[in-house]
Every structure is written in C-alpha cells, then in structure tokens.
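Trainee: Now for the letters of each chain:
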Amino acid sequence: MLRRMAFQLNRVSRRADAGSVHDLRVSVRRLSRCLRTFASLYRGNYWKKIRVELHRLMEAAGAVRDRDIALELLAQAGVRKSAPLMKRIDADRRRLVRELSLEIHRLKGADYSRKWRNRLEL
Amino acid sequence: MKKPHRPKWDARTSVAQNARRELPRLVSVYFAHVRDLLAANPSPAELHAVRLATKRLRYTIELFRACYGPGLEDRLATLRHIQQLLGEVNDGACCEAFLARTMRPSAMRIRLLDFLAKAAEERAEVFRQAWAGEFDSAGQELWWTQYLARQAREPGRAIRSSRRPTPDRRRKTPPPAQV
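So the sequence lines, in the order shown, correspond to chains A and B.
Under the numbering used here, the residue at position 85 of the first sequence is numbered 85, and the numbers go up by one with no gaps.
Position in the second sequence (from 1) plus 122 gives the number in the numbering used here.
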C-alpha cells in the first residue's frame, strides 16, 4: 500500500492531471484506512502521526480535485472552456497543483517511506 | 444513531478468525448506520456521511481480500456501485457549495447553482432507489454477513480461481462438440 502511494506520488509529480490526482487520493485513503483498521497491532502511536501527514496530503490533493470536479460539471452545464469563470478555476487549479507539489516534495525530502516502514516495523 | 464500529483485532488468533468475527459486525453496523441516516431524509450534501461510511467499509473489507474467494468480489461490486452513485451526488453538492462560495452574484451564478442543485437531487434519488431496491433489499444484509462469517480462509488457502457457477450464472451455450 505504501509502495502504491509512492507510485502515485511520483505520478502526480510528473503530471498532475485529474486522473492522477484522483488515484493519489484513493491510495492515500486506503493507506490511512489500513493504519486506522490495524491501529491496535502497531507498537506505539506513530501511526497517528502518519495519518496526520496523510491528512495534509489529502487536503492539498482535495483542493485540486474540487477544481477538477467543478471544471467537469461546469462543462456539463454548458459553460465554455474560454469563459472567464473556467479560466479563473483553471488558474486556481494550477496554483493548487504547485502547493500539492511542494507538499509531495516535503514528504519525499523527509524520506517518508523508509521512516514510516521503520517506525511501523514493517 | 450508532457510531461506526471499530473492529478489535486479536493478535493471538488468525487473520481469518479475526475476519469471521469482526467483518460481519462491521457490515451490520454499516447497514444500521445508513438506515438511520436515510430515515432523516438527508439532503444531497448530507449524504456525504453515507458516502464516508461506505468508503470506510469498502476499504476495510478490501484489506481482507486474501481471506475470501470470488464471492467477496460480487459483494464488493455492489458496494462500489453504491459508492459510485454517492460520489456523483457528492460531486454536484460540492461543486454547488464551491461556486456559492466563490462566484459573485449574477444571473449565471443563479443558473449554475440551480443546475447543480437539480443534478445532485436527481442523483440522490437514483442512490435512494438503488439502496432501497437493491443494496438493502430483503435478505441482502444476511447475504453479506453470512458470507463474511462463514467463508473466511487463511490467506493463501482462499479459493480464487475455481469459481463454481451458481444456477443463474451457468453457461447457457452448449459446450463445444467433441471432434
């Protein structure tokens, strides 16, 4: 599960399209659920710290996802791609992708995968 | 209203024994929880709580895939369908809230919010029908709980490939003639 999330993080780093951001969120949520489900089996409370990190990541990815959904539904409502509203949401999305990339960069810089494995004794 | 059930794993017993004990309870609590929520006739935005409960249940059960056979996939498919419908409701409701927050008052804003509110309501109705008519129809909860309580095997011993066809799934075309 951790490997899958790492794969999705790399994918979003390369290309943060709607599909990859969605897949990242799914992989984060699955990992978070796994940690919560088996919480009683881990030593200590480090799993909680990981969930906090995952929550930050979800927030950042969620903000991008909200814009993706808005763009899709507005297109369904007949709003043209060139409309100022669409352009504004798209620009907002680009800014939020940059914030998500920073969050991913921060996680990678902290060598999260190795650290989490060690702390969870995996 | 019942709180979501937190499974209690017993490290002294096997994975399958834990699954047999906890997963049926988890499913029963989910059914009761969603029935309670739906009894209050929630708005599309309020269906978000049902969506979260559904997602939690699905992801938790999927952690035990290795303990079960193909019957679990049939059940998970119905859960995925419910989750998909709820996702569509949520998309509309979230987008409506997002635009209400970010758009200045205008004729276009009114038109879009109206479009999204109607779409979310229509999808919520599709979900309610699917829930009452399919997912929570008579015997469905038992279909879940009995399977989860009886069919768990230790990982590696679960029947994966040799799916025996049930009467309604049996091949209708005759087998190829022998030469």
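Hints are supplied without guarantee of correctness; some may be wrong.
[Claimed, not checked] In silico EDC-like links for lysine to aspartate or glutamate, alpha-carbon gap of 20 Å or less:
no.: 1; chain 1: B; residue 1: Lys177; chain 2: A; residue 2: Glu121
no.: 2; chain 1: B; residue 1: Lys130; chain 2: B; residue 2: Glu256
no.: 3; chain 1: A; residue 1: Lys115; chain 2: A; residue 2: Glu53
no.: 4; chain 1: B; residue 1: Lys177; chain 2: B; residue 2: Asp158
no.: 5; chain 1: B; residue 1: Lys177; chain 2: A; residue 2: Glu59
no.: 6; chain 1: B; residue 1: Lys177; chain 2: A; residue 2: Asp66
no.: 7; chain 1: B; residue 1: Lys240; chain 2: A; residue 2: Glu72
no.: 8; chain 1: A; residue 1: Lys48; chain 2: A; residue 2: Asp92
no.: 9; chain 1: A; residue 1: Lys48; chain 2: A; residue 2: Glu99
no.: 10; chain 1: A; residue 1: Lys87; chain 2: A; residue 2: Asp23
no.: 11; chain 1: A; residue 1: Lys49; chain 2: A; residue 2: Glu103
no.: 12; chain 1: A; residue 1: Lys48; chain 2: A; residue 2: Glu59
No wet-lab data here; the hints were simulated from the structure.
Trainee: Please go over all the hints and tell whether each is borne out by the structure.
Mentor: A quick look at each hint next to the structure:
1. B:Lys177 <-> A:Glu121: Status violated; Cα separation ~27 Å.
2. B:Lys130 <-> B:Glu256: violated, 30 Å
3. A:Lys115 <-> A:Glu53: holds, 12 Å
4. B:Lys177 <-> B:Asp158: Holds, at roughly 17 Å.
5. B:Lys177 <-> A:Glu59: Between B:Lys177 and A:Glu59 the Cα gap is close to 17 Å, so the pair holds against 20 Å.
6. B:Lys177 <-> A:Asp66: Measuring from Cα to Cα gives roughly 18 Å; hence the hint holds.
7. B:Lys240 <-> A:Glu72: Given that 20 Å is the threshold and the Cα spacing comes to 16 Å, the pair holds.
8. A:Lys48 <-> A:Asp92: Violated, at roughly 31 Å.
9. A:Lys48 <-> A:Glu99: violated, 23 Å
10. A:Lys87 <-> A:Asp23: violated, 24 Å
11. A:Lys49 <-> A:Glu103: holds, 16 Å
12. A:Lys48 <-> A:Glu59: Holds, at about 16 Å.
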